[in-house]
Amino acid sequence: MDKQQFLASGLLEQYVLGLTDQEESVEVEKWLRKYPDLQKEVDAMHEALEQYSLAQGIKPPSGLRSKIMRDIEANGTEKLLQVEPQVSPVSAQRSWVSYLWPVAATIALVFALIRNNGLGHDLRSTRSELAQTQYDCEEESRRFQAFLQHSATQKITLPGVTEGSTVAVVVYWNPEQKLAFLDMSTLPASPNPKKQFQIWADVEGEMINLGLLRQGESDTLQPIAYLNNAESLNITLEPLGGSPHPHVQDLLASKPI
Amino acid sequence: MEYSTTDIIQLLKQEDKRAISIIYDKYSAALFGIAVKIVESEVLAEDVLQDAFVKIWKNAASFDEKKGTLFTWLLNITRRTALDTRKSAAFRRRQKIQEVDFSVYDHAEWRVEQKPEHIGLQSAVEGLEEKYRRIIDLVYFKGYTQQEVVKHLDIPLGTVKSRVKIGLRELRKLFIESNVTIWIFFWTLLLALSMS
Chain E
1 MDKQQFLASG
11 LLEQYVLGLT
21 DQEESVEVEK
31 WLRKYPDLQK
41 EVDAMHEALE
51 QYSLAQGIKP
61 PSGLRSKIMR
71 DIEANGTEKL
81 LQVEPQVSPV
91 SAQRSWVSYL
101 WPVAATIALV
111 FALIRNNGLG
121 HDLRSTRSEL
131 AQTQYDCEEE
141 SRRFQAFLQH
151 SATQKITLPG
161 VTEGSTVAVV
171 VYWNPEQKLA
181 FLDMSTLPAS
191 PNPKKQFQIW
201 ADVEGEMINL
211 GLLRQGESDT
221 LQPIAYLNNA
231 ESLNITLEPL
241 GGSPHPHVQD
251 LLASKPI
Chain P
1001 MEYSTTDIIQ
1011 LLKQEDKRAI
1021 SIIYDKYSAA
1031 LFGIAVKIVE
1041 SEVLAEDVLQ
1051 DAFVKIWKNA
1061 ASFDEKKGTL
1071 FTWLLNITRR
1081 TALDTRKSAA
1091 FRRRQKIQEV
1101 DFSVYDHAEW
1111 RVEQKPEHIG
1121 LQSAVEGLEE
1131 KYRRIIDLVY
1141 FKGYTQQEVV
1151 KHLDIPLGTV
1161 KSRVKIGLRE
1171 LRKLFIESNV
1181 TIWIFFWTLL
1191 LALSMS
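These protein sequence lines map, in sequence, to chains E and P. Residue 4 in the numbering used here is what sits at position 4 of the first sequence, and the numbering runs on without skipping anything. Residue 1118 in the numbering used here is what sits at position 118 of the second sequence, and the numbering runs on without skipping anything.
Quick caveat, the hints were computed from the structure, so don't treat them as lab data. Glycine residues also receive a C-beta, built at the ideal position from the N, C-alpha and C atoms. Do not take every clue at face value.
Unchecked claim - Some chain P residues well away from chain E (every beta-carbon gap over 10 Å; in silico):
(1) 1064
(2) 1077
(3) 1140
(4) 1150
(5) 1191
(6) 1195
Said to hold, decoys possible - FRET-style restraints, in silico, Cβ to Cβ:
(7) P/1158 / E/177: 57 to 63 Å
(8) P/1018 / E/166: 32 to 38 Å
(9) P/1016 / E/144: 48 to 54 Å
(10) P/1134 / E/9: 19 to 25 Å
(11) E/157 / P/1166: 40 to 46 Å
(12) E/144 / P/1155: 53 to 59 Å
(13) P/1151 / E/67: 35 to 41 Å
(14) E/9 / P/1061: 34 to 40 Å
To be verified - Below, simulated DSS-like cross-link-like pairs (lysine-lysine); rule was C-alpha separation at most 27 Å, straight line:
(15) P/1037 / E/59
(16) P/1037 / E/67
(17) E/3 / E/34
(18) P/1013 / E/40
(19) P/1161 / E/30
(20) P/1131 / P/1151
(21) P/1173 / E/3
(22) E/155 / E/178
(23) E/59 / P/1142
(24) P/1058 / E/194
(25) E/67 / P/1173
(26) P/1017 / E/67
(27) P/1067 / E/40
(28) E/40 / P/1142
(29) P/1067 / E/3
(30) E/155 / P/1087
(31) E/30 / P/1173
(32) P/1165 / E/34
(33) E/195 / P/1017
(34) E/40 / P/1087
(35) P/1161 / E/40
(36) E/194 / P/1055
(37) P/1017 / E/194
(38) P/1058 / P/1087
(39) P/1055 / E/34
(40) E/59 / P/1087
Please take these sequences and the hints and turn them into a complete structure.
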C-alpha cells in the first residue's frame, strides 16, 4: 500500500474517531511515524473536531462550577491524606524520654499481673467462648448449605450496567422460605471509602431498600430483605450509612426477576 | 488569561486543582453539550458533568498525551459517564422523578449563550452536510461503533465508512482552513492599511 492508497482507505479518519481496532491503530501509527505530514493531518482533524464540539456547546447552569470545585476540594484532601508519607526518622537522636519506655513497660506489666491474678480462670472462659463461636460458625455454615441446596433457591446474577463491566453480583433468592442472601465475594470493593453499596427491589415502579451491603466482608453470604413482589434487583453506590432513595446514576448492577 | 493545552496538561500532571477550573472554563460548555446529547436531559447532564470532573481529577496523573489529545481524553470520560447514566436513566424514570421533553435539545435555537467567537463556528457546523453531521454526532459524541451506525441509520457499512472519511475531511476544511483564510484576509487587510 502506498501513501495515496493509505489516504484513500479512510483508515486515518477512522483512527481519529477511535473506530480502528488495535491492529489497525498500530498500522496507522506506523504511517504517522513515517510521514510527519500525516501526523499534522491527524492533529488538524482533532482540532477541527474540538472546534466542532465547542461550536455546539451548551453553557452549564451557573451553580455547577462551584459544585464541581467543592467536589474536587473534598477529593483533594482525601488524596492528600492517602498519599502523605508517614515520616519517622529512624536514626533520630534518642532523647531522655525514650529511656523511660522500658521502665514504664515494666510498671505496666506488674500492674497487669496483679490485676489478673485470676488469669487461669480467664483463659478457661476464653476457651469455652471460642468453642461456642466455632460451634456457631459451623451451625451457620450448615444453615447456609441447606439454604443453597434448597429446591426453591434461585441463583440470580446481577450483571454490571456499564459497558464492558465484568461485575456479576450473585444473590440467592428463595420465594418459599422467603429468604435472600447476597454472595459478598461477588461484590466489588467500593470505589470510594466514603461510599458503600446498597441493594434495592423495584416494586411497581418504586425502589424499596433491601439492605446496606457491608464493605470488606468478601467471603460471607449477607442476608438481605426478601420481597415477594420484587420485579428487579438493583445495586447502587450510596454514601456511608445508605440513602432513603437510590442514586440511580451510581447504579452498579441490575437484573429483573 | 488564556492557558494553552500544554499549560493545562502540566498542571493536571502536578495534580494542581487550578487545572480543573481552567478545564471547566475552557471546555465545560462543549462537554455539557455532549452530555446533553447523550442523556437528553439538562438535569441529568449536570450530574454527568459533576461525576466526569471528579473522574478527570482522580485520573489526572494518568493522562498520557501520547495516546491522544487532552480534549479527546476529556470527551471520552464525559461520554462514558453519560452513557452509564443513560443506561440507568430508564431506571430513574421509573421512579417518576422527572420527565423531560427529549426533542427540545434537537433544536439549535435552544442552545444557550452563543459566544460571539462561536457564531462563525455555528455557521461552520451548519456548513457540514446533514448526512455527515449525523455520522459524526453518532460516532464522536455518542460513541457508536460503525456497526451500530449501520443498524441505527440502516445504511451499508461501506457508506458509513465513506461518510466517516468525507465527513471528517469536510469538517477539517470548514474549521481549520476557513480559519486560515480568515487570518490571511486579516493580515492582508492590515498590510494594506499600513501601506496606505
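Consistency of the hints with the structure:
1. 1064: holds (14 Å)
2. 1077: Per Cβ check, residue 1077 of chain P is outside 10 Å of chain E; nearest 13 Å; holds.
3. 1140: Violated: least Cβ distance 6 Å, not greater than 10 Å.
4. 1150: holds (12 Å)
5. 1191: holds (26 Å)
6. 1195: Label holds. Min Cβ-Cβ 32 Å, cutoff 10 Å.
7. P/1158 / E/177: 57 to 63 Å: About 58 Å separates the Cβ atoms of residue 1158 of chain P and residue 177 of chain E, which means 57 to 63 Å holds.
8. P/1018 / E/166: 32 to 38 Å: Taking Cβ atoms as reference, residue 1018 of chain P and residue 166 of chain E lie about 36 Å apart, which means the hint holds.
9. P/1016 / E/144: 48 to 54 Å: Given about 51 Å between the Cβ atoms, the range holds.
10. P/1134 / E/9: 19 to 25 Å: With Cβ atoms ~22 Å apart, the hint holds.
11. E/157 / P/1166: 40 to 46 Å: holds (45 Å)
12. E/144 / P/1155: 53 to 59 Å: Given range 53 to 59 Å: holds, Cβ gap about 55 Å.
13. P/1151 / E/67: 35 to 41 Å: holds (37 Å)
14. E/9 / P/1061: 34 to 40 Å: holds (36 Å)
15. P/1037 / E/59: Between residue 1037 of chain P and residue 59 of chain E the Cα gap is close to 13 Å, so the pair holds against 27 Å.
16. P/1037 / E/67: holds (22 Å)
17. E/3 / E/34: holds (10 Å)
18. P/1013 / E/40: The hint holds at about 25 Å.
19. P/1161 / E/30: holds (21 Å)
20. P/1131 / P/1151: Status holds; Cα separation ~15 Å.
21. P/1173 / E/3: The hint holds at about 20 Å.
22. E/155 / E/178: Holds, at roughly 14 Å.
23. E/59 / P/1142: holds (19 Å)
24. P/1058 / E/194: holds (15 Å)
25. E/67 / P/1173: violated (38 Å)
26. P/1017 / E/67: holds (14 Å)
27. P/1067 / E/40: At roughly 15 Å apart (the allowed maximum being 27 Å), residue 40 of chain E and residue 1067 of chain P satisfy the hint.
28. E/40 / P/1142: holds (26 Å)
29. P/1067 / E/3: At roughly 23 Å apart (the allowed maximum being 27 Å), residue 3 of chain E and residue 1067 of chain P satisfy the hint.
30. E/155 / P/1087: With Cα atoms ~24 Å apart, residue 155 of chain E and residue 1087 of chain P stay inside 27 Å; holds.
31. E/30 / P/1173: holds (25 Å)
32. P/1165 / E/34: holds (21 Å)
33. E/195 / P/1017: Status holds; Cα separation ~23 Å.
34. E/40 / P/1087: violated (37 Å)
35. P/1161 / E/40: Answer holds: residue 1161 of chain P to residue 40 of chain E is near 22 Å, not above 27 Å.
36. E/194 / P/1055: Holds, at roughly 16 Å.
37. P/1017 / E/194: holds (21 Å)
38. P/1058 / P/1087: holds (23 Å)
39. P/1055 / E/34: violated (35 Å)
40. E/59 / P/1087: holds (24 Å)
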